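Chains as they are written, first to last, in this note's numbering: chain L, 615 to 867; chain G, 82 to 354.
Everything labelled a hint here was simulated from the structure, so no lab data went into it.
Quantities reported herein were computed from a predicted structural model and do not represent experimental measurements.
The C-beta atom is built at its ideal place from N, Cα and C for all residues, glycine as well.
Honestly, I wouldn't trust all of these hints.
What the hints assert, rightly or not - Selected chain L positions facing chain G (in silico; Cβ < 8 Å):
1. Pro665
2. Arg769
3. Gly771
4. Gln772
5. Thr773
6. Pro786
7. Gly790
Unchecked claim - Here are a few chain L residues that sit away from chain G, every Cβ distance over 10 Å (derived from the structure):
8. Ala642
9. Phe667
10. Glu678
11. Ser695
12. Ile704
13. Asp711
14. Arg762
15. Met843
16. Thr847
17. Gln853
18. Leu861
What the hints assert, rightly or not - For the chain G half of the interface with chain L, some residues (derived, Cβ under 10 Å), not all of them:
19. Asp148
20. Arg231
21. Asp232
22. Arg235
23. Leu239
24. Ala254
25. Ala285
26. Leu288
27. Gly329
28. Val334
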Amino acid sequence: MHNGSRTAQSVASVRPLQIRGRFLTAVALHLEGHPDHAFMDALDMRLRQTPRFFQDAPVVIDLEKAQGIDSTADLMALIESLRARRLAVIGIQSGDDVQAQAAGEIGLVALAAGRDAPLERVSRPGKRPAAAAATPPAVVEQPPAPARLITQPVRSGQTVFADRGDLIVVGPVSSGAEVIAAGNIHIYGRLRGRALAGVNGDTSARIFCNALDAELLAIAGLYRTSEQMGTDTPRQHVQAWLDGDRLQIESLK
Amino acid sequence: MSKVIVVTSGKGGVGKTTSSAAISAGLAMRGHKTVVIDFDVGLRNLDMIMGCERRVVFDFINVIQGDAKLKQALIKDRRLENLSILPTSQTRDKDALTKEGVKAVLDELREDFDYIICDSPAGIERGAHLAMYYADEAIVVTNPEVSSVRDSDRVLGLLNSKSALAEKGDGSAVKAQLLLTRFDPARSARGEMMSVEDVLEILAIPLLGIIPESSSVLKASNEGMPVALDEKSAAGRAYQDAVGRLLGETTEVRAVQGEERRGFFQRLLGRGG
């Protein structure tokens, strides 16, 4: 009680804390089945393909289809193996009561079932007004993200990342180079490296290029390697987009 | 105004040291005061190609570490009065190179020489990085095959991002030109090698010259003579043309056959070449 007067004084002069709302974009990692070796291998492969994708991004684990997470120890083991891969896990979603309690015990937030759509909206505001009317008001409208423009060749070993909007490259993208964007990717030149569009989950993102010789094309995590692009794949003036679960490549002509 | 030119490639064995020797000899022959520096610390080769390995007393690393004066380490070429060689150490490694040390040596050389040719080691680590870091221009040596082209592309990316000029951030850039070495027009025509057009399309930089695959290059190296001094060899003439273009001449680049590969009947009939 000896410092009671000082506390009262500080409340009167400066408030020791302020509370503000904060919206953030998190990455939802959907677990399907057991978090076994196959899952970790798939995750490791994804991390190798897009090393920067998870960098500094808060991760929420979706447990709706997960199996074998029945105790605090199970959840802890999963979280530890994810954190060992430098993923910043902040909570779980779509978990049952047991999982929610387990999350609470190890200091994670248990979120209600979330929608993955807001990510798409954040990167592409105003693109679909009809959908906007249907979404709950919790989503903050952000100004359109500026496109990133690169006017030099993207050389082997270089990575160019447009973390919010579109990426435009005027020049070639070499074999061994990587161009990544939250939105669309436009390449006015030959694409020989890897192009990953819609990396935050925007399934409406597209990749356009003058000439296609890519090592890998990916949209919202769905990818095709050069091996999976047959001889019938168009090579000049093409676009790639997602048709459901299939990455389509078509001539623009 | 002196120029620092790095001869680099990423990949090993494509002809960086041979090209460094030939180009610096070519520059010196045209009356420019030229020095060529071996940055391949621990794998000293330039002095052998230049034929001065028996005259090395002090080296580049001695100068960087203050154990010797620059003038003590510089070796004057016996054939060309305008040419000097700064050999490197065979007993040390790349860690002996420091940014400050390299800068101090280059700044001192700039006072006396018109052209400072930096012979880069292979790779993209410390030695290669410091060889390119202070360059005004780059000669990217590439063989007409995919792995060499990809490595050259990687090096071009580093020149655009990790050089002192690029780090200034005012839009200045290292001027990079391509020197295509070990090229064989006949094999390229048969599709056994990449074509000049393919390489240029991928690297997207100006072409400085095409050096034909030729046994005279190996012979010159073994004799410790820069191949540019061999006027009878097609490779020597190609290097001379490249030097001309480096100095601003606008001659057409032609891919010629190394004369040593001509068949007996071709020679008999006076064709080819």
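Going down the list of hints, with the structure as the test:
no.: 1; hint: Pro665; result: violated (17 Å)
no.: 2; hint: Arg769; result: holds (3 Å)
no.: 3; hint: Gly771; result: holds (4 Å)
no.: 4; hint: Gln772; result: holds (5 Å)
no.: 5; hint: Thr773; result: violated (10 Å)
no.: 6; hint: Pro786; result: holds (6 Å)
no.: 7; hint: Gly790; result: holds (6 Å)
no.: 8; hint: Ala642; result: holds (34 Å)
no.: 9; hint: Phe667; result: holds (21 Å)
no.: 10; hint: Glu678; result: holds (43 Å)
no.: 11; hint: Ser695; result: holds (33 Å)
no.: 12; hint: Ile704; result: holds (34 Å)
no.: 13; hint: Asp711; result: holds (52 Å)
no.: 14; hint: Arg762; result: holds (16 Å)
no.: 15; hint: Met843; result: holds (19 Å)
no.: 16; hint: Thr847; result: holds (20 Å)
no.: 17; hint: Gln853; result: holds (22 Å)
no.: 18; hint: Leu861; result: holds (25 Å)
no.: 19; hint: Asp148; result: violated (36 Å)
no.: 20; hint: Arg231; result: holds (5 Å)
no.: 21; hint: Asp232; result: holds (8 Å)
no.: 22; hint: Arg235; result: holds (4 Å)
no.: 23; hint: Leu239; result: holds (8 Å)
no.: 24; hint: Ala254; result: holds (9 Å)
no.: 25; hint: Ala285; result: holds (5 Å)
no.: 26; hint: Leu288; result: violated (16 Å)
no.: 27; hint: Gly329; result: violated (24 Å)
no.: 28; hint: Val334; result: violated (21 Å)
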